[in-house]
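Peer 1: Sequence:
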Amino acid sequence: HNVVGKKNTKMARGGHQDGEDIDETSAKHLLDSIGEKVYNTFHTAALKYENELHGFLSQATYSRKPRGKETPSDPCQLEYQWHTNVTDGYEKEYPCKDRGEVRFSYTEGAECHWRKIKDSKNDTVGACAPYRRLHLCDQHLSYMKEDKIDNTHKLLAEVCLAAKHEGELLKGYHDSYKINNNDSQICTVLARSFADIGDIIRGKDLYIRNKREKKRLEDNLKEIFKKIYEELIKKKTNGEIEERYGKDPNFFQLREDWWALNRKEVWKALTCSVPYEAYYFTYKPDNFRTFSGYWCGHKEGTVPTNLDYVPQFLRWFEEWSEDFCRIKKIKMENIKNECRGDTSGKRYCSGEGYDCTQTDLRHNKIFVDLDCPNCEKACTSYKEWIENKRNEFIKQKNKYNIEINNNKRDTSHNDYDQYFYQDLKRGENGYSSVERFLVSLNEGKQCRGNNDKKYEMDFKKPEETFGSSEYCGTCPLFGVKCEKNICTAISEEDYKKEKKFNVINSKSGEPTQIDLFISDTRVEDIPNDFNTACNNSYFFKGIRDQKWTCQYIDEIDRCTLESVVKQSTYFDKKIAFKVLIKRWLKDFLKGYNKSKLKIGRCTKYENSCIKGCIKKCDCVDKWITKKEKEWETINKHFNKKDYDKKHDIVYEIKRCFEQEAFLTSFIRAMKGIRDIKGSHDFEKCSKTQCYSSIINKIKQDFITELLENLKKKISTCKSQNDDTNRTKCCIDMPKSENDEHDEDEDDEPSSPSSSSPSCGVPPPTPKKSLR
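Counting from 1, one number per residue, gives the positions in the sequence shown under full-length UniProt numbering.
Honestly, I wouldn't trust all of these hints.
Within a straight-line C-alpha distance of at most 25 Å, the following computed DMTMM-like cross-link-like pairs (lysine to aspartate or glutamate) qualify [to be verified]: (1) Lys573 - Glu243; (2) Lys383 - Asp515; (3) Lys671 - Glu660; (4) Lys500 - Glu628; (5) Lys222 - Glu243; (6) Lys397 - Glu384; (7) Lys331 - Asp587; (8) Lys594 - Glu464; (9) Lys377 - Glu243; (10) Lys611 - Asp732; (11) Lys590 - Glu708; (12) Lys699 - Asp722; (13) Lys547 - Asp642; (14) Lys711 - Asp587; (15) Lys594 - Glu705; (16) Lys235 - Asp150; (17) Lys699 - Glu632; (18) Lys496 - Asp644.
These are computed hints drawn from the structure, not numbers from a lab. Computed from a prediction, not measured in an experiment: that's the story for all the values here.
Using the sequences provided together with the hints, build the complete structure.
Peer 2: What follows is the structure in structure tokens.
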């Protein structure tokens, strides 16, 4: 390693006892430095068995006769077509088969679903597998067989093949990715995949691509290490091998030692394709920054990283935070440009898509053309993304608290996890609290200086970090004034002065209390008895009661939010009534389509009772009742004679559905509905103009008709899944056709043609139509 200079450290040192070499400048360096200590312990213990476990590529033999000599000693010369003992054909020997080539994405993210993470039980606690990990080139490893890979040399060849191809793919896509991400270091990216490969070999990998492949890989590795173990006890007959490795049928200790003694060669394979001037940086306790040799230390004979001795969950949490900060910064720049930018030509737009410099909310007209559609799209996309990221953050934060305080960790073998966590929380300033670890996440390269106007990135302040952008707020209630391309909100006081309103001539209508049931995850502590009643239904997560008071005052029909428990910059506490309607419509369509999908799955099999569905039917039924009441109250306020209205609310809502912001969700909601006269004509359309023409011709109240249609489905759902006269409902919930994986927290669904053995009923037959 080479010393290049001193580095300023923001975080305090000395949190650990005995002046140990712990670097706390950021989460990545903290993890790496503790990992180094753990590695030293494990490597020293494994050295006693180096002669027996250290692999040599030159001693590996293969089923196919390679070109040239049997095996090159340099892993960079391995060719998967020849230097492998995976010989099932169909390209199963190719490490990257069926793996995505793109490893760095602006649109895709981590996999956090509990069914895809080993040992996860629900969606409130868990790890998140990074996007990079989802496509790791390890495909061929699950096809290894112990009759062909029966010694340490052959196993090393297969693992090096995975590493070599993983490095090639990462390097190829990192070059284009780095253009817009200058801080990204290829060596750090490779170190993360290196650590994942190590966890796969040691049986500690958390990611489940699919259960069958995962089990096949684990079974095969267990049998391969059993073969290696059997060879070891032939060489050492003093009982030492049996004492160290023989007590565990999974051979976890043997796998730990194998990795400790062979990781150098795997790193060498992984770094075959890196550029000359690529370095892996670390920081030492004397505040000096050190870096590996050229090519990420490829020719040094040492491994510059120790991330493979950091628990996978913690590595992933740190990587997730960097990806989050990177993508958030890009999204915020896009929103700023579309809603307040020079290049977009729009100086002040709202998240609903209105041009605040043109739209006079005092007109109170419900339907207004959206002059800023790109701002609306960017804000809608950001809201969905940030809510998802907030949920992912909470899951990982919860898991940290469990892992750091886990006193029941498996001690049947030397598990590097337990050593690491003990060191992480040691000392009075250790990391036994997740809050302290979150501070270290803030110091990641991508997170420093990443801010949303007023707030710096701070994972200790989730309300701000995972809140909406102020650029996505509504238009100021009293308008804006613009000077020299800078627009600012008009205050209520200035508005009243301009309109000459005072205590005597102020015009006020009767207030209306509008209680809404809205999806809003930004505030956790708004009480909601509905969530308690339907706590196992994913659809109702994040649903909150919002109490609004709407009133026509001084020529503006305005609404004030009364139920903000936590104050936040990102809440629009005062908005125009027309804006409240638009937000309600979006939420209504989202909830309706989710409910429709849920009920469709519960009624998929004729005359079959599906377990768990009766509760889902009841919850959706309650949602319908809420929406009917809300729609009635909104109608009531709209119909007050406070000001002239050219059209009724049915017409105004119909015009809204024609807008791009609503049309896709509306068409999805209308799919399969035949009760509304003229609605069947939607099937003939493929363009927006066609849909708009049909919507215009229909005279019925779409909201009421949609709810009535859903009520009919609920009736069928309840009668079909009523188990009062049956022993029990035991047909498994069919998997969603629209979602990659089911969001309900039920048991893993079986195939659609199967039922539980205790059912005593024939396999269900799907209905011909799912309307």
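Peer 1: Could you run down the list of hints and mark each one as holding or not?
Peer 2: Hints versus structure:
A hinted pair counts as satisfied when its Cα atoms are at most 25 Å apart, and Lys573 with Glu243 does not qualify at roughly 68 Å. Under the criterion of a C-alpha separation no larger than 25 Å, the hint pairing Lys383 with Asp515 is consistent with the structure, at around 22 Å. A threshold of 25 Å between alpha carbons decides the hint, and for Lys671 with Glu660 the separation of about 17 Å falls inside it, so the pair holds. For a cut-off of 25 Å, the pair hint linking Lys500 to Glu628 is broken: about 40 Å separates their Cα positions.
A C-alpha spacing of about 18 Å is found between Lys222 and Glu243, which places the hinted pair at or below 25 Å, so the restraint holds. Between Lys397 and Glu384 the alpha-carbon distance is near 20 Å, which keeps this suggested pair within the 25 Å criterion. Under the criterion of a C-alpha separation no larger than 25 Å, the hint pairing Lys331 with Asp587 is consistent with the structure, at around 22 Å. The hinted pair formed by Lys594 and Glu464 fails the criterion: a straight-line CA distance of about 28 Å is larger than 25 Å.
Only pairs whose Cα atoms come within 25 Å are accepted, and Lys377 paired with Glu243 is rejected, the gap being roughly 63 Å. Of the supplied pair hints, the one linking Lys611 and Asp732 holds, its CA atoms being roughly 6 Å apart against a limit of 25 Å. Under the criterion of a C-alpha separation no larger than 25 Å, the hint pairing Lys590 with Glu708 is consistent with the structure, at around 17 Å. With a C-alpha separation of about 37 Å, the suggested pairing of Lys699 with Asp722 is violated against the 25 Å cut-off.
About 22 Å separates the Cα atoms of Lys547 and Asp642, which keeps this hinted pair within 25 Å; it holds. At roughly 18 Å between alpha-carbon atoms, Lys711 and Asp587 fall within 25 Å of each other, so this suggested pair holds. Distance check on the hinted pair: Lys594 and Glu705 sit about 17 Å apart at the alpha-carbon level, within 25 Å; holds. Proposed proximity of Lys235 and Asp150 is supported: the alpha carbons are some 15 Å apart, at most 25 Å.
In summary, the hint linking Lys699 to Glu632 is supported, as the alpha carbons are separated by about 18 Å, within the 25 Å threshold. At roughly 21 Å between alpha-carbon atoms, Lys496 and Asp644 fall within 25 Å of each other, so this suggested pair holds.
Figure legend: structure checked against the earlier numbered hints; hints not met, in rising order: 1, 4, 8, 9, 12.
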